[in-house]
Structure formats: C-alpha cells, structure tokens
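S.K.: The residues making up each chain are set out below.
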Amino acid sequence: MSVLLEVTDLVAGYGAVQVLRGLDLSVNEGEVSVILGANGAGKTTTMRAISGMIQRNGAVRFGGEDITHTSPNDIVKLGIAQVPQGRGTFTDLSVSDNMRAGAYVRKGGAAQADLDEWYEIFPRLQERRDQKAGSLSGGEQQMLAIARAMMSRPKLLLCDEPSLGLAPIITQELFAILGRLNAERGLSILVVEQNANLAVKIAHSVFVLETGSIVASGTAEDIAKDDSVRKAYLGY
Amino acid sequence: MAHLLQYVLNGLANGSMYALVALGIVVIYRGTNHLNFAQGEMALLATAGAWWINDKGVPLAAAILLAAAIAFIGGGVIEFGLIRPAGRKSPFAVVVVTIGLFQGLNSFTSLLFPKVGNGVKFGTLFPNKPADFFRLPGGAIWRYERIGVLVTVLVITGLLFALFQKTKVGLAMRMVANNPESAKLAGVPTNRILMMSWGLSAAIGAIGGALIGGINANINVSTMFGVFLLASAAATLGGLDSPLGAVVGGLSLGVIESLVSNYPKNWVASTYIGADTAIAVAFLIILVVLLVRPSGLFGSSRVERV
Ligand SMILES: Nc1ncnc2c1ncn2[C@@H]1O[C@H](COP(=O)(O)OP(=O)(O)O)[C@@H](O)[C@H]1O
Ligand SMILES: [Mg+2]
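These protein sequences, in sequence, are chains H and W. Last residue of the first sequence: 235 (numbering that gives the first Met the number 0), numbering continuous. Last residue of the second sequence: 305 (numbering that gives the first Met the number 0), numbering continuous.
Source of the hints: derived by calculation from the structure; they are not laboratory data. Since this is a predicted model, take the numbers as computed values, not measurements. Do not take every clue at face value.
Said to hold, decoys possible - Distance condition first, Cα-Cα at most 25 angstroms in a straight line; then the derived BS3-like pairs of lysine-lysine:
id, chain 1, residue 1, chain 2, residue 2
1, H, K131, W, K167
2, W, K165, H, K76
3, H, K106, W, K120
4, H, K76, H, K106
5, H, K200, H, K76
6, H, K76, W, K167
7, H, K106, W, K167
8, W, K120, H, K154
9, H, K154, H, K131
10, W, K55, W, K167
11, H, K200, H, K224
12, H, K224, H, K154
13, W, K165, H, K131
14, H, K154, H, K106
15, W, K165, W, K128
16, W, K114, W, K165
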C-alpha cells in the first residue's frame, strides 16, 4: 500500500504562536485516516497547514511530491480538496454556483456530467440548486461542502469535523457517504473528529493529536485497545 | 407634468454619473469590505489622462478606452502596492490609505496635468448641438447626450452582470467576496482576483469620469468631490455590495436631487431651494431607508453560518 500523503515533523502556527510541534501522520492510497483530538489540540491547524493556508515547516509530501512550499491553489490542482470546519459555504451564492465554485481549478469549469452525478447522490441539493446556499440546513450545507470539494475531482479529501453541529442521524448518513466514497471510488480521506466512534468505523488508520503532536497512532483496532485513548475519544 | 418629466430626465443624467462611480465603489467593497475613499480621485486621474491623450490628437472615444485600460493596470498596482500591505496591518490601515490616496491622487493629477488643475474643456461622446434632442409628449425634452449617458450606464451594468454571473473570473470574484477562505481552499488565487477587482473598479471609474467631463464640458481638480459624496451615498442606499443597487441608488439620488432642487420653486415662489438642500434631503432619505433596511435596498444581509 503506497503512501499518498506523508507529513513529517510538521511545525506550524499563527505568527509567534506555535501550535503544531513536529507532527507526523500519513494517509495511504485508497484509505481513510482519522485524527482524534480534543478541542484546541491543533486539528484545524493541521488541516490548514496541509492545504497550504498557513506558514509551515517540516515536510508535506503528496503523491511523492514535496508540497511544503506549494501555494493553496496549486495544492488543490494537485488533488487535495478540503471541507473546512464550519463547512465553508458560499452563503450568498446559489447551490449550483457553490458546485461550480468547487470545480474552479478544473479546466473549462464544472462538467455537467459531474454536476448530474453529485445531484444524483445528493438529491436535496438538486431540489435546491437555485436557492442561496446560506438558506440550507446545517446537514444540507455539510453535504454541499462535500459535493463542492468533490467537484475538483480530488485524490485526497480533507474533512475538518464534519459532524460538528449535526443531529446524530445526519452524522450517521454523513459517515455512510464518506465510507462509500472511499469504498466505491477508492477516494483517500483524512478526517478530523472529536467524538469519533463513527469516524473510527470507516478508518484504516487513527492518529491521536494532543497539544500539537501525535501521541498515539495505529490501526483502528489497535487504537480501540488502548484504554486511555478509548476512554478519552471513543467514550466507552 | 412636463416639468415633472423634465426634472426626472435631468435627474437621470446626473444620477447616471453617480451610478457609475457607485459601481466602482461596489466592485471594490464586494471584494474587500472597504469603502474606497479614493474612488472619485482615481476617476479624476484617469479622466485627466483621457483628456491629455485626446489633446494629443487621439479621438475621444479611443482616448477614453485607452485611459480606462491604463486605469485598470493602475488600480491593480494600487491594490498590490498599497492596499494589500496595509491590509496585512489592519482593516483601519486600509481606510487610512484610501483617504491618503484621495489627497495624493488629487495632487498628483495637478502635478502631472497642470492644465487640469485650473480646469480644461472636456469633449463629449454624444451629439450635443442645441437641436440634438427628442421632444416627448407633453413638451419635455430629452437630450441625446443624456440618453447616451444613461444607455452607457445601463450597458456597463449589463456587462458587469454578465461578467459576475457568466464567467469564471466573475465566479471567482463572487467567491472571494462571499468567503475568501473557502475561495482559497477551492483554488482561487485570491490576491490576483483582488487586484483585478481594483483594476476593474478603476476602469469603470475612468469611464464614469469621462461621462461626467462630457456632461459638464469641463474637468478640474474638484470635479469629483461632490460626485464621490453622492456616489458613496448611492452605493450605501443600494446596499454597497450590489451592482444593481448602485445603479438604482445612483439614478434615484439623481432624480431626488433634481426634483427637490427644482420643484418647490413652482409652489413657493419666494423660497429658493438650492442644490445643497437637495443633497440634505437626499441624505435624509438614505438615512430613513437604512433605518428600515440596514443592508440597503439590494444589499445582501449576510446569513450567519452555523
Ligand atoms: N487564527 C489563530 N490565531 C492564533 N491562534 C489560533 C488561531 N487559530 C487557532 N489558534 C490556536 O491554535 C490552537 C489550536 O487550534 P485549532 O487548530 O483550531 O484546534 P482544534 O481544531 O483541534 O480545535 C488553539 O490553542 C487556538 O487557540
Ligand atoms: Mg478545529
């Protein structure tokens, strides 16, 4: 199994505030990796550093290529799409324009075939395609955020706390969809969660993040065996 | 009735000028959430440039287009060289920079084109001989030049609408305006888009300035002061982030100004209501509109994200 994303000794933060202190993680081709971490551990910072949104040091390699100094727009072009925390909806744009926005890096823009495909997977979005995206419910916006990210045809999907603020039933649906994207399309996914039973179920590898570095990692089964991790993050 | 229609038509001509400058304000506000206090003076410099090029023998229409093209580049340079570095400090620094630009560009215009400092004659793109008008039923006259100015504003608005709604650059501009962080994550080179917004705004200003010069048959260093005041009011009335709002706001203000400064004279012969009173009334109306609709007539009241 080849490594798609490899992060080594990642150091990043905001100005003088250092948040990540030498973080290592990886996502294998066609697999799902999950980062578990409490509030403020640095999960969002990790995601933003991978996407090139903030200054970073260390090494980020994607598909064998060093992207540590690559700009965010080139990183998207290489095939990393991020669903940011809070969903990042273009609230004033229509649902269909949000989809077109997701395809921004594609030459010639959004292919109709892709739009049709995602509307088939998310029929609610099709029903509301001419509506302002800000008027969608939280769950609908989360689905839109995933569809939007997928419009760029990424090899790796980054999801930052996708379940935040969603009803449990919607969260289940959400992880079912992420699981299918991985299983049926071989999409590699890196997902960040706080309370993560559902996330761990679809995960191949799990990383536990505490105050800016990885304190435990392994397969989902390994992690579930670790009592302290299980109590802290899986809640049983 | 003839009077009423006449005042409306006159107001629409002035309103067209406010609308164009307001459009420039809106294009920048959408991208950066800053009111560009230098919008009027950017237009002044570009118009002075158009005058100079025209003076050297280039036909006026070509001179204006050339000045607009140079203004496009100049607007981009201003964003890159001044606004962006200031923005890294604080939003307030940007306001200070645009106020500084207001003063600086005005002085720079006099320095570069000393004749403009004292006022120069400015030509018009439209027929404006004494007999160039339609007579409307009821007796009001509509001068070709005023029609031309209004049509130009409507055409530019249509083009802007097509740019925003139908092109990829326009989509990127709307993305950056709505959610810069998500735009970046979607792969939009946000800095380049902001530069283009400033360039576009400056180019629209150049055309607006040239139309103002045409209607006044003159430009001088204080031409844009009053226009900017009313244009920023028009943009506020329209909602600051809506191009359609800028046009509706600009045209309404022009008409209100014209009605208020002319009409009551027919009722109260001894009372003179001047242009200043008209502006005061216009601002009063804006105040009332904003009390009822804080985001303006067409502005998007931002939906809070969950
Ligand atoms: N824009 C910022 N500027 C300064 N500090 C920040 C910023 N964003 C986050 N932080 C700090 O970085 C730390 C990690 O934040 P974050 O990565 O958002 O954590 P998580 O996503 O795991 O909840 C926190 O202590 C937070 O206060
Ligand atoms: Mg977070």
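S.K.: Just to be careful, I want the Cα atoms of W:K165 and W:K128 compared with a cutoff of 25 angstroms; is the pair within it?
M.R.: violated, 39 angstroms
S.K.: Assess, step by step, whether the Cα of W:K165 is no farther than 25 angstroms from the Cα of H:K76, and give holds or violated.
M.R.: Holds - the C-alpha atoms of H:K76 and W:K165 are around 22 angstroms apart, at most 25 angstroms.
S.K.: Check the hint pairing H:K106 with W:K167 against an upper bound of 25 angstroms on the C-alpha distance.
M.R.: With Cα atoms ~10 angstroms apart, H:K106 and W:K167 stay inside 25 angstroms; holds.
S.K.: CA of H:K224 to CA of H:K154, is that 25 angstroms or under?
M.R.: violated, 31 angstroms
S.K.: Keeping to a limit of 25 angstroms between CA atoms, is the pair of H:K154 and H:K106 held or broken?
M.R.: holds, 17 angstroms
S.K.: Take a quick look at whether H:K200 and H:K224 sit within 25 angstroms of each other, Cα to Cα.
M.R.: The hint holds at about 14 angstroms.
S.K.: Against the 25 angstroms threshold, does the CA-CA distance of W:K114 and W:K165 hold or violate the hint?
M.R.: With Cα atoms ~42 angstroms apart, W:K114 and W:K165 exceed 25 angstroms; violated.
S.K.: Taking only the CA atoms, is the gap from H:K106 to W:K120 under or equal to 25 angstroms?
M.R.: Distance ~49 angstroms between H:K106 and W:K120 Cα, so the pair is violated.
S.K.: Measure nothing beyond the straight line between the CA atoms of H:K131 and W:K167; if it is 25 angstroms or shorter, mark the hint as holding.
M.R.: holds, 19 angstroms
S.K.: Between the alpha carbons of H:K154 and H:K131, is the straight-line distance 25 angstroms or under?
M.R.: violated, 29 angstroms
S.K.: For the pair supplied as a hint, W:K120 and H:K154, confirm whether the alpha-carbon distance does not exceed 25 angstroms.
M.R.: Violated. W:K120 to H:K154 sits at ~62 angstroms, over the 25 angstroms cutoff.
S.K.: Under the criterion that the straight-line Cα-Cα distance not exceed 25 angstroms, is the pair W:K165, H:K131 satisfied?
M.R.: holds, 17 angstroms
When the structure is compared with the earlier hints, violations turn up for hints 3, 5, 8, 9, 10, 12, 15, 16 and for no others.
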